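Taken in order, these protein sequences are the chains called A and B. 1 is the number of the first residue of the first sequence in the UniProt record's numbering; add one for each residue after it. 1 is the number of the first residue of the second sequence in the UniProt record's numbering; add one for each residue after it.
Keep in mind that a hint or two might mislead.
What the hints assert, rightly or not - For lysine to any residue, the following SDA-like pairs were computed, each having C-alpha atoms within a straight-line distance of at most 20 Å:
1) B/Lys103 x A/Ile16
2) A/Lys237 x B/Lys103
3) A/Lys183 x A/Ser194
Hints are computed from structural coordinates only; laboratory data are not their basis. Note that this is a predicted model, so its numbers are computed, not measured.
One-letter residues, chain by chain:
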Amino acid sequence: MMIGIRRAFALDVRRIASQGVFSILVLLIGFPAAIVLLGSISGGVSYMPGAAIGGVSAMLALLPLNAFTFEQQGHNNWMNGVVPVRRIHQVIGRYLVVGACMLILALEVAVCVGAGMVFESGKIQFSALAISVLTAVVMYALLESVMLPLCYRFTYQKALLTMMLICIGLGAAIAAVFALFAKLAPASIDALMSWMVSLAETMSGVGMFWPTLGGVVLAAVAAIVSLAVSSRIYHAKEF
Amino acid sequence: MTTATDQSPMALSITGATKHYDSGFTLDDITFDLPAGYIMGLIGPNGAGKSTLIKLILNMIHRDSGEIHVLGLDNIADEETVKENLGVVFDSSYFIETWTVNKVEQAMAPMYLAWDHATFDGYLTRFGLDRKKRVKELSRGMQMKLMLAVALSHDAKLLVLDEPTSGLDVLARDELMDILQNYIADGERSVLFSTHITADLERAADFITYITRGTLYFTGPKDEFEESFRLVKGGPEDLAPDVKGVAVGIHRYETGFDALVRAEDLGKIAGLKAEDGRHWMAPLTAEPVSIDDIIRLTNTGDAAHAMEVA
Numbered sequence: 001m002m003i004g005i006r007r008a009f010a011l012d013v014r015r016i017a018s019q020g021v022f023s024i025l026v027l028l029i030g031f032p033a034a035i036v037l038l039g040s041i042s043g044g045v046s047y048m049p050g051a052a053i054g055g056v057s058a059m060l061a062l063l064p065l066n067a068f069t070f071e072q073q074g075h076n077n078w079m080n081g082v083v084p085v086r087r088i089h090q091v092i093g094r095y096l097v098v099g100a101c102m103l104i105l106a107l108e109v110a111v112c113v114g115a116g117m118v119f120e121s122g123k124i125q126f127s128a129l130a131i132s133v134l135t136a137v138v139m140y141a142l143l144e145s146v147m148l149p150l151c152y153r154f155t156y157q158k159a160l161l162t163m164m165l166i167c168i169g170l171g172a173a174i175a176a177v178f179a180l181f182a183k184l185a186p187a188s189i190d191a192l193m194s195w196m197v198s199l200a201e202t203m204s205g206v207g208m209f210w211p212t213l214g215g216v217v218l219a220a221v222a223a224i225v226s227l228a229v230s231s232r233i234y235h236a237k238e239f
Numbered sequence: 001m002t003t004a005t006d007q008s009p010m011a012l013s014i015t016g017a018t019k020h021y022d023s024g025f026t027l028d029d030i031t032f033d034l035p036a037g038y039i040m041g042l043i044g045p046n047g048a049g050k051s052t053l054i055k056l057i058l059n060m061i062h063r064d065s066g067e068i069h070v071l072g073l074d075n076i077a078d079e080e081t082v083k084e085n086l087g088v089v090f091d092s093s094y095f096i097e098t099w100t101v102n103k104v105e106q107a108m109a110p111m112y113l114a115w116d117h118a119t120f121d122g123y124l125t126r127f128g129l130d131r132k133k134r135v136k137e138l139s140r141g142m143q144m145k146l147m148l149a150v151a152l153s154h155d156a157k158l159l160v161l162d163e164p165t166s167g168l169d170v171l172a173r174d175e176l177m178d179i180l181q182n183y184i185a186d187g188e189r190s191v192l193f194s195t196h197i198t199a200d201l202e203r204a205a206d207f208i209t210y211i212t213r214g215t216l217y218f219t220g221p222k223d224e225f226e227e228s229f230r231l232v233k234g235g236p237e238d239l240a241p242d243v244k245g246v247a248v249g250i251h252r253y254e255t256g257f258d259a260l261v262r263a264e265d266l267g268k269i270a271g272l273k274a275e276d277g278r279h280w281m282a283p284l285t286a287e288p289v290s291i292d293d294i295i296r297l298t299n300t301g302d303a304a305h306a307m308e309v310a
């Protein structure tokens, strides 16, 4: 089993690095390097870590999905039928690539936010740094947990479009619910806001353990469900 | 040959393999064996189901029923072991176009326990493949050779080739047939290759499996395939009901007709018998057939009707 997963992982890494490892490394090193460079010149700009996290997250979100784009080029998907790797191992291997990208993301966010803190205030606030890393990782896990099954089901372009439509639809639905409540029961909005504030205060009181655990559990559940769905879709696929 | 092959272990054994598509095409109840140490040609017209069958062997598509065993192992239950022992060549390259030949090896070598760098290197030299060249820079024939080099470099016991000669010139086809002949020389390795080019079969195949319209028409030794049919020829007026009754395919043209008849049915055609003791009065002639004749005549409108009736 482990051999199959390792082979699938290695093959996907080769696919992702098809255009060259150099460009990927430049992008990965580029964001922390830019923070350090700009920070040392200007002495700290508060928006920089946020921008860097956005850039790194977007890049690392798309990076593992490149395996799908290469599979769809020519007949590269036939390769999946040639190599001695079971379909389930191919799926697990791809999720491991996402896991590896998630670890890189955690490292990149830690470096970018940490550097930003050093330039801004001269010291690192570890709890704030941990929250930034955790938030980025959980958001990343949730996003990829939706994207991967979509990519297994549809073409890469269609999956991206579907994801965009899901995001727009979710945003529109939330906005509509808020608008409806604001019109029909304005007090409920205030009640929701005060509940969220009290929740945030409670969470800050319990320290890092529970939010971390909650985030990790949420990401893990999303990943497991996503893996199960992707595996089911891929097993039914013919190529 | 039959006695020898009966005792051979099977490199490939397909029993009742069936695959139905929503389009209406069905690969129906395909059964045949390929003994170890032999080359089998898989033939049939476009859309007959050859590639479907190869994809079933590779578990790239799901079969509706039947069983497929490679080297005695179930192709799904023992997929990894089966594919360790399979070398595969398609009619189009399955490598990423931007990969260099070198990267192809870097990607494929970790896939196989028995990968042999020296063997791969030897085939690259033999085929004139430059390690620095990208896949997209290679001609179709060279891409096929690259797939073949990969297929031959991990000690595969069964080669499965889907139209491997389609992009090759005569010399390269000749070289490929030599490679296949050498490959099976140890008596343990086997080859299944689909082709449209029947000259390749004449040169290399020991067995033939002929599929048309998703149905198995013939499987067995190549010589039996040609010997089991005769080509009956006659003028336009000679196409009598007894010929139509036994013909498995008829091609009519202005000056006469060609009818494909099973050898054992020849006796049922009155027009082939001499009516006079001194002179050959028969208006019809029966000639040996080529593989092309069989494919051509079993895919005429009459042949389709004959198959439906059967």
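Tested hints:
1. With a C-alpha separation of about 13 Å, the suggested pair lysine 103 of chain B and isoleucine 16 of chain A falls inside the 20 Å cut-off, and the hint holds.
2. Of the supplied pair hints, the one linking lysine 237 of chain A and lysine 103 of chain B is violated, its CA atoms being roughly 27 Å apart against a limit of 20 Å.
3. For the proposed pair lysine 183 of chain A and serine 194 of chain A, the alpha carbon gap of about 18 Å is at most 20 Å, so the pair holds.
Hint 2 from the list above is the single one not met by this structure.
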